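The task is simple: from the sequences and hints, build the whole structure.
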Amino acid sequence: MAKATVSLPQGTRDFSAEVVRKRNYIFNTIRNVFELYGFAPLETPAMENLETLMGKYGEEGDKLIFKILNNGLDNPAKHEQIRTDFEKVLEGKNIKTITERALRYDLTIPFARYVAMNYGQLTLPFKRYQIQPVWRADRPQKGRYREFYQCDADVVGSTSLLNEVELANIYATVFEKLGVDVEIRINSRKILAALAEICGGSDKLTDITIAIDKLDKIGIEKVKEELAQRGLDETQVTTIEKYLAISGSNEEKLAAAKALIGETELGKAGLEEIEYVLNYITPDFRLSTFDSRLTIDFTLARGLNYYTGLIFEVKANGVQMGSIGGGGRYDDLTGLFGVPNVPGVGISFGVDRIYDVMEELKLFPETVHTGVKVLFFNLGDQESKTAFGLMQQLRANNIGCELFHEATKMDKQFKYADKKQIPFAIIIGSKELEEGTCVIKNLAASEQKTVLQSELIKEFS
RNA sequence: GAGGGUGUAGCUCAGUAGGUUAGAGCGACAGUUUGUGGCACUGUAGGUCGUGGGUUCGAGACCCAUCAUUCUCCCCA
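If you want the working numbering, it's the 1-based position in the first sequence plus 25.
Careful, some of the hints might be misleading.
To be verified - Estimated spans, in silico, between C-beta atoms of each pair:
#1 D241 with E116: 35 to 45 Å
#2 N95 with E43: 20 to 30 Å
#3 L115 with Q254: 27 to 37 Å
#4 G287 with L98: 56 to 66 Å
#5 E384 with R164: 19 to 29 Å
Simulated from the structure, these hints should not be mistaken for laboratory data.
Since this is a predicted model, take the numbers as computed values, not measurements.
Ideal Cβ positions, reconstructed from N, Cα and C, are used throughout, including at glycine.
Set out below in structure tokens:
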């Protein structure tokens with residue numbers, strides 16, 4: 026056999042039947058919860074105008090956007106212009122004559138673009154969910170792909186913290202249903218801004234968040250070094266050290282943070298937001314284990330720079346994996362597209378990582394497999410014609426079945442049923458044909474019985 | 001963008017200081033068994049050892065390049 030020379034682009038995958046079924050199980054779970062909470066579906070194109078995406082994800086993000094080469098570059102009339110323009114591409118610029126479209130990088134920005142375009146028609150607050158693939162030109166590694174699905178739920182046109190409460194509950198409900206043990210971390214960008222304010226001014230916000238975001242990876246000493254490198258003096262570093270040292274229960278953390286930044290306006294507001302959400306998680310509202318899963322994490326920063334209020338991040342317990350969900354509040358996302366003052370808040374699920382976690386922890390239920398229920402054996406021309414008629418009757422009664430494609434040894438037909446995990450075999454040979462009966466065999470139990478063909482449907486209803 | 005690991009049969013991998021004809025398990029196919037599977041036994045097919053150079057009397061093994069893949073950092077879902 027010639028060795029296949031075809032391959033898949035880096036970081037992409039094919040999904041076999043079993044994997045698709047398991048993935049659909051996750052998709053359906055998430056979709057049902059979104060619907061349950063009053064969110065409506067939206068789909069946007071795989072590609073957007075490049076300028077819609079550029080500059081929205083920070084410098085790093087821009088580099089990871091997959092750009093689409095324009096068609097028609099081979100037109101001889103344009104060659105000279107194209108060559109000149111391509112020189113600029115080599116300098117790292119994006120030139121419309123070379124590339125003007127790109128694959129979507131996330132679902133939030135296309136959503137903001139949609140809201141800006143349709144603002145007049147939307148009933149506010151507008152709650153939408155979106156389940157579609159996104160593409161990033163990242164280097165693949167564990168839990169990281171170049172094509173992966175996001176499941177987003179966002180609310181725009183409302184500043185109410187009730188939205189945050191709802192979204193936190195969606196996280197809890199989905200992972201509860203999937204049986205994944207998670208920790209939902211919560212923080213507020215306002216608190217980080219307050220910290221920056223008392224540590225040298227708001228222009229230091231980015232420096233500070235970048236540094237403290239690394240805490241659990243590089244440790245406190247390295248963080249302090251990095252802060253000093255980024256131009257903070259000793260008092261300021263000490264303040265941040267105190268901030269990072271905050272620990273204990275949610276209540277203890279709140280109290281400690283109040284002492285440190287409660288005086289500032291931003292700090293006060295940020296802490297109130299967190300308290301508000303936590304207070305909603307009263308026994309009446311919370312799910313069985315919810316309160317132990319929603320924890321304050323003052324080191325949580327999140328990279329996407331459009332967040333302005335509460336931020337969320339979800340991590341799976343008991344497994345080495347990056348975050349499997351994240352989100353937060355943004356004050357003015359559509360302002361980028363010419364419609365200012367539309368506040369919003371949203372969350373995202375990373376299905377591919379959730380899949381990896383569930384696979385690693387063996388959390389998929391057996392029932393995810395849903396193939397055909399019956400295999401009709403093919404034991405000859407006349408026999409298979411009778412089988413075919415019965416098969417169509419079963420199908421008409423919504424019972425999935427197939428007829429083996431050729432008359433061959435039973436041994437082979439049994440093996441086919443095994444491989445496809447078909448639970449029942451129906452055998453019609455010359456004897457059954459004569460008697461108007463058929464043999465129903467339960468393959469797992471290795472039991473069989475003979476019934477009249479006219480009674481067959483009853484056996485499966 | 002930076003740095004590691006790995007490429008040998010359809011799959012998972014062995015292949016010991018370079019040495020004659022490259023192996024195992026699983027899978028596939030056939031048979032033992034022309035209408036009762038999963039087990040067992042027997043047999044068969046399937047490899048230019050990722051690709052291209054080099055060193056050597058001799059390379060799957062060593063060196064260089066290249067491609068693919070995987071992991072870590074950065075960043076993120």
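Should the hint that D241 and E116 are 35 to 45 Å apart at their CB atoms be regarded as holding?
-> holds (38 Å)
Take a look at whether the Cβ-Cβ distance between E384 and R164 falls inside 19 to 29 Å.
-> holds (22 Å)
Is 27 to 37 Å right for how far apart the beta carbons of L115 and Q254 are?
-> holds (33 Å)
For the range 56 to 66 Å, tell me whether the beta carbons of G287 and L98 fit it or not.
-> Between G287 and L98, where Cβ atoms are some 59 Å apart, the hint holds.
Does the Cβ-Cβ separation between N95 and E43 fall within 20 to 30 Å?
-> violated (40 Å)
Going through the hint list in order, the structure does not satisfy hint 2, though it satisfies all others.
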